[in-house]
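Q: So you can see what is in the structure, the chains are spelled out below.
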Amino acid sequence: MAFDSFSAFLAMDGHGPYVWTCYAVFFLLMGVMTWWSLRQRRAVIAQQRRRMAPTPSADERPAAASFTRIESSQD
Amino acid sequence: MWQIFHKLGSPKWFFGIASTLMPWLLVAGAALLMTGIVWGLVFAPQDYLQGNSYRIIFIHVPSAFLAQSVYIMMAVAALVTLVWRMKLADVFVTAVAPVGAVLTFLALFTGAVWGKPTWGTWWIWDARLTSMLILLFLYFGVMALGAAISDEKSSARAVAVLVLVGVVNIPIIKYSVEWWNTLHQPATFKLTEKPSMPAEMWVPLLLSVLGLYLIFGWLACLRMQTHILAREGRTRWVKELVQAREN
Amino acid sequence: MTMASETKLPVRTSEESVSALSAMKAVFSRDLKTAFRQPQDLLNPLLFFVMVVTLFPLGVSPEVSFLREAGSGILWVAALLSVLLSLDHLYRHDFDDGTLEQLVLQPQPLFLLVLAKSLAHWVLTGLPLVMLAPVLGVMVHLEGNSVAILCLTLLIGTPVLSLIGSIGAALTLGLRSAGVLLSLLIIPLYIPVLIFGTGTVMAASESAPVGGQLALMGAFLVLALTLAPFASAAALRISLSNS
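Protein chains in written order, with the numbering used here: chain A, 1 to 75; chain B, 1001 to 1247; chain C, 2001 to 2243.
Mixed in with the good hints there might be a few duds.
[Stated by the list, open to error] Far from chain B, some chain C residues (derived; all Cβ distances over 10 Å):
#1 A2026
#2 S2029
#3 P2057
#4 H2093
#5 T2099
#6 V2104
#7 L2110
#8 F2111
#9 L2124
#10 L2152
#11 T2172
#12 I2195
#13 G2199
#14 F2220
[Claimed, not checked] Cβ pair distances, simulated, as ranges:
#15 C:V2050 x B:D1047: 49 to 55 Å
#16 C:G2174 x B:S1019: 36 to 42 Å
#17 B:V1027 x C:A2020: 55 to 61 Å
#18 A:W36 x C:L2105: 56 to 62 Å
#19 B:D1151 x C:G2179: 51 to 57 Å
#20 B:T1182 x A:R50: 54 to 60 Å
#21 B:K1012 x C:D2097: 17 to 23 Å
#22 C:N2044 x B:M1034: 40 to 46 Å
#23 C:G2059 x B:K1012: 56 to 62 Å
#24 A:R39 x B:P1023: 18 to 24 Å
#25 C:S2207 x A:W36: 51 to 57 Å
#26 A:G14 x C:A2208: 39 to 45 Å
#27 C:M2139 x B:L1206: 52 to 58 Å
#28 C:T2054 x B:T1182: 29 to 35 Å
[To be verified] One side of the interface only, derived from the structure: several residues of chain A facing chain B at Cβ under 7 Å:
#29 L10
#30 F26
#31 I45
#32 R50
Since the hints were made in silico from the structure, they are not lab data.
Each residue gets a CB set at the ideal place from its N, CA and C atoms; glycine is no exception.
Next comes chain A alone, as it looks inside the complex (with noise of 0.2 Å):
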């Protein structure tokens, strides 16, 4: 061991703001990256699922554009 106690060793002698963003900038980049990697992998899984979703028979479907009359009268 080569601090005497704990607060010595986050001190680090007056370097440890130096040490401690350089470790939390590297864990936090490994983080994110990781983050961004797993996300991008469930986007494409997602993508391909929905590719491959059967798709709607003509009659469930919506149509393509299609305007309802609304009746309400006036008075």
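Using the hints, position chains B and C against chain A.
A: Chains B and C alone, transformed into the frame defined by chain A:
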């Protein structure tokens, strides 16, 4: 021999192998990296010259090491892409380039922060830092070119040409930056070239380098799998695989 | 662009084949001819060169001591940027009017034709820059010997810039915002030439021997001459198959 080669090139085969390897890579990599870092941070003795700031070395050197070897690996894959048109090789180049860029940035960042207590300034035009910066530019170029070409096949091949041109240039750049450095500021303090590093320092360093290598392997497998899924979406095995997955 | 098609390409008419050397000559002289029909395009990089050099005394300091020290670097950076600016033209016109596809289909090895094109590009941009450099060298107060060495380094270095640049131009052919992308790809590769170019002049101004550095720049040139045409020929084929 050729059969193995073809098998290696088959995305389906790779996908299976990667899936079985990945948990091991992640667990072993994380364990090694954490051991190295905790050992380095808590148990390794203080450096007599730089005090405790040298403890940044346990992430700086692995990042710098990986940053350079990832580019070399990309160059090997680029050669394979151009010569044998192996699908996996170009998947590797595109999947891994952002990881390489992040590692290069980390090496630069940790180097700069380390420089503050050691040299008294955030940035110094030291030969190593400068060539790292140029390596970062090379990574950015690779990523920008890959993103600019929409057709996947020609994108991969154009990137392969660029990576190979870059790798021919890397030794020249390194040499010229070193020469330039001696011209402008002779004998700066060298960060890692210690006359003799005690075992309590280099063993954890070695562990963290190995750990980061394995974690890179995991990330590379993960990202390659993603690219393969996106690319091979029309093949049957991918369809079956996607359907079988529940998450 | 329409004029470009008037000049004949080395097309194999019958059974007799055109030798590689005469094909190179034909490509080279054709590039020169078409370039001279649009003199403005030739002039622009030179004007850019002069203007960038002018910015430094205005923007930093007109003091003789500063200019003398930084002059070689300023001139080299400006030359590098103006070569970079002109690279977009290297294949663009030929790509737009389909000449490039013809070139790729020639029986002669493509890398030789690419080499001829790169050399033509150097004659059209690098060489004028070298000839303009002494004037600007005097304007940034370089001393007699340094000016000569500066021109010599530019003479050896600018062909390297054209050759490496041709790879980038071929890779970015037909892409959106090709210009910025081209700079992004190529600038890191230009760094060694820049370092040795300015370093040689600085050594000369301190009256140190420069033979070694010049020899190294010569080595860069030989390396670029032998390797770059292969890379840009490969890149051209990829870009053309893409479009």
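Q: Next, verify each hint and record whether it holds.
A: Results for each hint:
no., hint, in the structure
1, A2026, "26 Å, holds"
2, S2029, "28 Å, holds"
3, P2057, "23 Å, holds"
4, H2093, "21 Å, holds"
5, T2099, "20 Å, holds"
6, V2104, "14 Å, holds"
7, L2110, "14 Å, holds"
8, F2111, "13 Å, holds"
9, L2124, "23 Å, holds"
10, L2152, "18 Å, holds"
11, T2172, "7 Å, violated"
12, I2195, "4 Å, violated"
13, G2199, "6 Å, violated"
14, F2220, "7 Å, violated"
15, C:V2050 x B:D1047: 49 to 55 Å, "53 Å, holds"
16, C:G2174 x B:S1019: 36 to 42 Å, "39 Å, holds"
17, B:V1027 x C:A2020: 55 to 61 Å, "59 Å, holds"
18, A:W36 x C:L2105: 56 to 62 Å, "44 Å, violated"
19, B:D1151 x C:G2179: 51 to 57 Å, "21 Å, violated"
20, B:T1182 x A:R50: 54 to 60 Å, "59 Å, holds"
21, B:K1012 x C:D2097: 17 to 23 Å, "44 Å, violated"
22, C:N2044 x B:M1034: 40 to 46 Å, "58 Å, violated"
23, C:G2059 x B:K1012: 56 to 62 Å, "59 Å, holds"
24, A:R39 x B:P1023: 18 to 24 Å, "19 Å, holds"
25, C:S2207 x A:W36: 51 to 57 Å, "55 Å, holds"
26, A:G14 x C:A2208: 39 to 45 Å, "43 Å, holds"
27, C:M2139 x B:L1206: 52 to 58 Å, "56 Å, holds"
28, C:T2054 x B:T1182: 29 to 35 Å, "32 Å, holds"
29, L10, "11 Å, violated"
30, F26, "5 Å, holds"
31, I45, "6 Å, holds"
32, R50, "10 Å, violated"
Hint compliance for this structure: hints 11, 12, 13, 14, 18, 19, 21, 22, 29, 32 are broken, all remaining hints hold.
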